[in-house]
Amino acid sequence: MKTRTLYRGLSSALLGLSLSCSAISQAEEPIKVGIMLPFSGVYAALGDAGRNGLKMALAEHASDLHGREIEYIEVDTEARPERAPEIATSLMSQQQADFIVGPVHSGVAMGMLKVLRNKKPIVIIPNAGANAATGPWCAGNVFRTSFSAWQPSYPMGQVALDRGYKRVVTMSWNYGFGKESLEAFEESFTAGGGEVVKQIMVPFPKTEFQSYITDIASMKPDAVFVFFAGGGAVKFVKDYDALGLRGKIPLLGSGFLTEGTLAAQGEAAEGILTGLHYADEISNDANRNFRTAYETRFGKPADLYAVQGYDTGLLIAQAVQQLKGDISDRDALIKVMEQSTIKSPRGDFHFSKAHNPVQNIYLREVQDGENRVIDIAAAGLEDPARGCKL
Amino acid sequence: MDFAIFLVQLLNGLQYGLLLFLIASGLTLVFGVMGILNLAHGSMYMIGAYLMWYFVQLTDSFVLAALLSAVIALLLGVVIEKTLINRLYRRNHLDQVLLTIGMIFVFNAMQSLLWGDDPLGVAVPGWLSGSISLTELVEYPVYRIFVALLCLLLAAGLYLVINRTRLGMLVRAGESNREMVECLGIDINRLYTIVFGAGVMLAALAGVVSAPMASIVPGMGEHVLISCFVVVVIGGMGSIKGAFVAALMVGIVDTFAAVLLPQLSSMIVYILMAVILIIKPQGLFSS
Amino acid sequence: MTYFFGKKTEQLFIWLFFPLALLLPLFLEQNEFYVNKLTSVVIFAIFVMSLDYLVGRCGMITLGHSMFYGLGGYLFILIAPEFEAVNFWVYTFYICVLAAAIALVVGVIVLRTSGVYMIMITLAIAQMCFYFFSDSVEFGGNDGLFILMKPDTSLFGLAFFNLDDPLHFYYFCLLSLFNCLVFWKLVTGSRFGRIMEAVKDNPQRTTALGYNVFLFRLLSYVMASALAAYAGYLFALQYGFVNPSMMSWQTSGSALVMSILGGMGSLYGAILGTVVYEGLHYSLEHLTEHWLLLMGCLIIAMVMLFKAGIAGFLENLLERRK
Chain S
0 MKTRTLYRGL SSALLGLSLS CSAISQAEEP IKVGIMLPFS GVYAALGDAG
50 RNGLKMALAE HASDLHGREI EYIEVDTEAR PERAPEIATS LMSQQQADFI
100 VGPVHSGVAM GMLKVLRNKK PIVIIPNAGA NAATGPWCAG NVFRTSFSAW
150 QPSYPMGQVA LDRGYKRVVT MSWNYGFGKE SLEAFEESFT AGGGEVVKQI
200 MVPFPKTEFQ SYITDIASMK PDAVFVFFAG GGAVKFVKDY DALGLRGKIP
250 LLGSGFLTEG TLAAQGEAAE GILTGLHYAD EISNDANRNF RTAYETRFGK
300 PADLYAVQGY DTGLLIAQAV QQLKGDISDR DALIKVMEQS TIKSPRGDFH
350 FSKAHNPVQN IYLREVQDGE NRVIDIAAAG LEDPARGCKL
Chain L
0 MDFAIFLVQL LNGLQYGLLL FLIASGLTLV FGVMGILNLA HGSMYMIGAY
50 LMWYFVQLTD SFVLAALLSA VIALLLGVVI EKTLINRLYR RNHLDQVLLT
100 IGMIFVFNAM QSLLWGDDPL GVAVPGWLSG SISLTELVEY PVYRIFVALL
150 CLLLAAGLYL VINRTRLGML VRAGESNREM VECLGIDINR LYTIVFGAGV
200 MLAALAGVVS APMASIVPGM GEHVLISCFV VVVIGGMGSI KGAFVAALMV
250 GIVDTFAAVL LPQLSSMIVY ILMAVILIIK PQGLFSS
Chain D
0 MTYFFGKKTE QLFIWLFFPL ALLLPLFLEQ NEFYVNKLTS VVIFAIFVMS
50 LDYLVGRCGM ITLGHSMFYG LGGYLFILIA PEFEAVNFWV YTFYICVLAA
100 AIALVVGVIV LRTSGVYMIM ITLAIAQMCF YFFSDSVEFG GNDGLFILMK
150 PDTSLFGLAF FNLDDPLHFY YFCLLSLFNC LVFWKLVTGS RFGRIMEAVK
200 DNPQRTTALG YNVFLFRLLS YVMASALAAY AGYLFALQYG FVNPSMMSWQ
250 TSGSALVMSI LGGMGSLYGA ILGTVVYEGL HYSLEHLTEH WLLLMGCLII
300 AMVMLFKAGI AGFLENLLER RK
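Residue numbers (numbering that gives the first Met the number 0), protein chains in the order written: chain S, 0 to 389; chain L, 0 to 286; chain D, 0 to 321.
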């Protein structure tokens, strides 16, 4: 009995395999958008929000696509870098995707770019912030609608100086994105005469922060600048508060520290200053409409990752509209995309030569469980794109 | 490092170590008695934390939520033992490894389906929310001290149960000789069910008490699992006393290495484990 | 051939699998992906097979085998000049020898323990290695590194195949897999293999018979590690990308799953396990977003039903009447 059920399961799985192999492209071809985002594991929430935003934008602009349908091909990256080249190849040659949207994780981005740089599909990165993607590894067909690690952190050095902080401890997980964030902060902070007393690199994905925070307390710096995201951000902010440092040593961060995590952090996050290219309460029509529509559609408030996915959708929609639905000329497509201005919920942005957004970085403070915009930390900030030859 | 900071760090290390003990105790108990290597042990920790979050939302009471979570975890453990594990006792150890890896997949998927993937948090209950000033800057939250004491209490409780009760005697007997226990006319299957259920409950309990301190996120179980194995192996598989000593050791070494040897901090517990296994290939207190 | 691949099921499998694998690219749609996917399955099967030998034939359970898989890729980056195409065969030799040397040192430490303790100490050493590469700036940290120049495959002035052609590379990997299978069969069929089997079943008695059990284990460990590194080297060359996640304990874990699933110690079961696992993964993940749930349930079901993996199940089915 059991064996038979298993046989059935196996044979249907094999059938699935053969079916997906034999899916041959149809005559009236839709525009194919490959999505490679994490839908399981630690980054699942980010992948899900990005996908929602992307689909919502393209659904809203369905009438602008000159009759072209959109077909989505979704693959779970599981945030495993060693799988990235394979998935990228699948979307490029098996599925013949016109656009490939992804990923969240910087390591996956590197594996993906290895395969897709200067190939036919247009790659749009809706999150992964590795400086290299629009730095030394930039390419004509690679765009990014999110940020480079450098962008949200660089202006925070000046913010710290303006508030009179001279001695700062910086801290992050010991991986590429974290290091790049701390370096960007340090760049502007030390240029203005500040001193980084100590740089603490925590092994990723360790979340036992108590000893580090105690160490910070023993150094008595003027302020602390950190990069953490997701679960680590929640734990760090809670530990910082629990050991009594909140309100005594100001906490600054790259915006991810308080993005999508405020509900879990609760009271402990109050007063944290962060820099980011978005904040929930930005007051422009695009943002208000976007937030209402997103909440109605998906039953939960939009977050940064949804915005980035949404802007990716807008970028695709605008390009298709301007080319009157004909995206077969790759060079023309890239040219149109390069010149587009996105009316994003975060405020309008356009692309730098390296295809990274030129955008405002907002200075936000957590008040009553929300990221309040208190200033624009840097207007129209462009990533230096070091090493990019575009 | 001045003396006050040294003491605070020591406290950090002890508290982390005690929590590690709580998670690891169930694993070592199950292995010691039943010889089962439960790789899904970390998932039970995760389930505990998620259940806690869910019931705190539902009942708004910390104690009630903790009790409900513990009971559900116990039942879950019993059901798993009755339906799956007990068919594998006479099979290869590797089959158990495969089974528990399958269980990790299922639990991770269930977590995503039932509770979503956003990071979640539980507030510290009002009656435990104060903190004690240690130095002019550093405070220590009452809740964390409470958790440390709770872990100590559980350790003492486990010790008493195993060394002073009839159940404990059976557990000890089961560790050394399964057939003998069976010959004495004792229902070894029932004993195994109880032990496995208790093991799952201990892991879930660790998840429950860490819920207000940690962030409740997908994948939290796997990360804990490795630390847990390190503790159990250093202590000697199956030894509760060993797990206790090893957990404190790992907690303290990890805490101080983070500050004093930052270059090695990611590897330090593994170095510790390797060194101990080179000197004592069976761990510190193996039976 | 008949004598060499002893069991009926094993013969049947080999006569089915290899011709099918040879012909498959001709029937598939002509695009890079299918060939690449098949290649990565074949490469991983080489890795799984080395683990299968170690665990199933020598009784040495390791959860740190991925260290050698990852080292295969990283060693190449370490010793090959960055902007110069080196010779493939020479570097294959270097990498296997280096990995074997590392395995010799690690083995001396690791083999002092056994059973669960061995699982854990191999895990510990692999984790140290994983963190070493994750933390190091020179090796690209968590983001990994690119191999900029693929090696040149000419031997005595003759270029047998082109590494940049996916189809060539696929056939080369398939040949490697076949060679590995033959190699392991030769090892297990030899006097060495029979003594190793005795070591596995009863180390005390084998010691009493005057054999140095430690040396037998060490040699097996070194061979398996060198071949794991070879697989990792092939993987790194396939896309020209290495990442520390190759060394993560999850990689070891999934290899172990495939090996147990296929039928521990049956060697050809390693191919079977890898193909079934990867096939299921591929089809389930295209079927539903909650593929983890189905995958988990299927794994549990298979453990419950098959007493000795898929290979054991097939053997039972085909050879029952004998």
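The reader is advised that the hints may include incorrect statements.
[What the hints assert, rightly or not] When the alpha-carbon atoms are kept at most 16 Å apart in a straight line, the in silico EDC-like pairs for lysine to aspartate or glutamate are as follows:
#, chain 1, residue 1, chain 2, residue 2
1, D, K36, S, E85
2, S, K247, L, E138
3, S, K113, D, E196
4, D, K149, D, E83
Simulated from the structure, these hints should not be mistaken for laboratory data.
The structure presented is a predicted model; accordingly, all values stated were derived computationally and were not measured.
Consistency of the hints with the structure:
no. : hint            : result
1   : D:K36 / S:E85   : holds, 7 Å
2   : S:K247 / L:E138 : holds, 11 Å
3   : S:K113 / D:E196 : violated, 44 Å
4   : D:K149 / D:E83  : holds, 9 Å
Of the hints listed earlier, the one the structure fails to meet is number 3.
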